[in-house]
Amino acid sequence: EAGVTQFPSHSVIEKGQTVTLRCDPISGHDNLYWYRRVMGKEIKFLLHFVKESKQDESGMPNNRFLAERTGGTYSTLKVQPAELEDSGVYFCASSQAEGLGTGELFFGEGSRLTVL
Amino acid sequence: AQKVTQAQTEISVVEKEDVTLDCVYETRDTTYYLFWYKQPPSGELVFLIRRNSFDEQNEISGRYSWNFQKSTSSFNFTITASQVVDSAVYFCALHNRGFQKLVFGTGTRLLVSP
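Which chain is which? The protein sequence lines are A and B, in order.
In the working numbering, each residue carries its 1-based index in the first sequence increased by 28.
In the working numbering, each residue carries its 1-based index in the second sequence increased by 48.
So that you can see chain A by itself, here it is in the shape it has in the complex (with noise of 0.2 angstroms):
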């Protein structure tokens, strides 16, 4: 079964760029996750989706921003423009029905992010 996939693996642009990273849950988890993490810093939290809805976004930066989940099933997560700030790895989740009460999330390998 295939795990959780990211792409772009790398990304480098330029400060006012655009930039979108997808991300493939694992089939059938409802649950998708996006974190960062800023180098050197902890991994943090951005948003949660359950299917296609925003359950809980608190951790969105700003609204340079913008996460997408149509259908339910894979993510977009697109920062316009891109600020130096940004540069980091953006990690995606996810993880079955019930969530993290019950279970684990199983993480992709991640976007790294380099804004020049």
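Please keep in mind that the hints were generated in silico from the structure rather than gathered at the bench.
Predicted model only: the values in this text are computed from it and were never measured.
One or more hints might be untrue.
Here are some of the chain B residues that sit facing chain A, going by a computed Cβ distance under 10 angstroms [stated by the list, open to error]:
id	residue
1	V52
2	Q54
3	F83
4	E92
5	F139
6	A141
7	Q148
8	K149
9	L150
10	V151
11	G153
12	G155
C-beta: ideal position from N, C-alpha, C; glycine also.
Go by the hints and put chain B onto chain A.
Showing chain B alone in chain A's frame:
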């Protein structure tokens, strides 16, 4: 407030040494879960263990063991007879029931030399 502290930024050991990675957490909730994840050079976060706040028994899985002590709010992770393949960044994380998100520490980079 929920917080996880991993005070050790980087640890270097020689193969076959035992090593303990520290994790201290803060939470006001009585029901919570603690996790350890491993991030190998390939980048993905690999689940190692999940422990709920009502189970303070230590757990052993092969060369890995975990020591959960509520009295000191710690959930330390020990690798016995370390191997080069153990080299990775290890993250401790906290989940409070009712919130579908993890609070992570800053991670500890473990380097095991041959």
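Here's how the hints hold up against the structure:
1. V52: holds (7 angstroms)
2. Q54: Holds: closest Cβ of chain A sits about 8 angstroms from B/Q54, inside 10 angstroms.
3. F83: With a closest approach of 8 angstroms, the B/F83 hint holds.
4. E92: holds (4 angstroms)
5. F139: Holds: closest Cβ of chain A sits about 6 angstroms from B/F139, inside 10 angstroms.
6. A141: holds (8 angstroms)
7. Q148: Since chain A brings a Cβ to about 5 angstroms from B/Q148, closer than 10 angstroms, the hint holds.
8. K149: With a minimum Cβ separation of about 4 angstroms from chain A (threshold 10 angstroms), the hint on B/K149 holds.
9. L150: With a minimum Cβ separation of about 7 angstroms from chain A (threshold 10 angstroms), the hint on B/L150 holds.
10. V151: Given a least distance of 7 angstroms, the restraint on B/V151 holds.
11. G153: Constraint on B/G153 satisfied, holds at 6 angstroms.
12. G155: Result: holds, 7 angstroms to nearest chain A Cβ.
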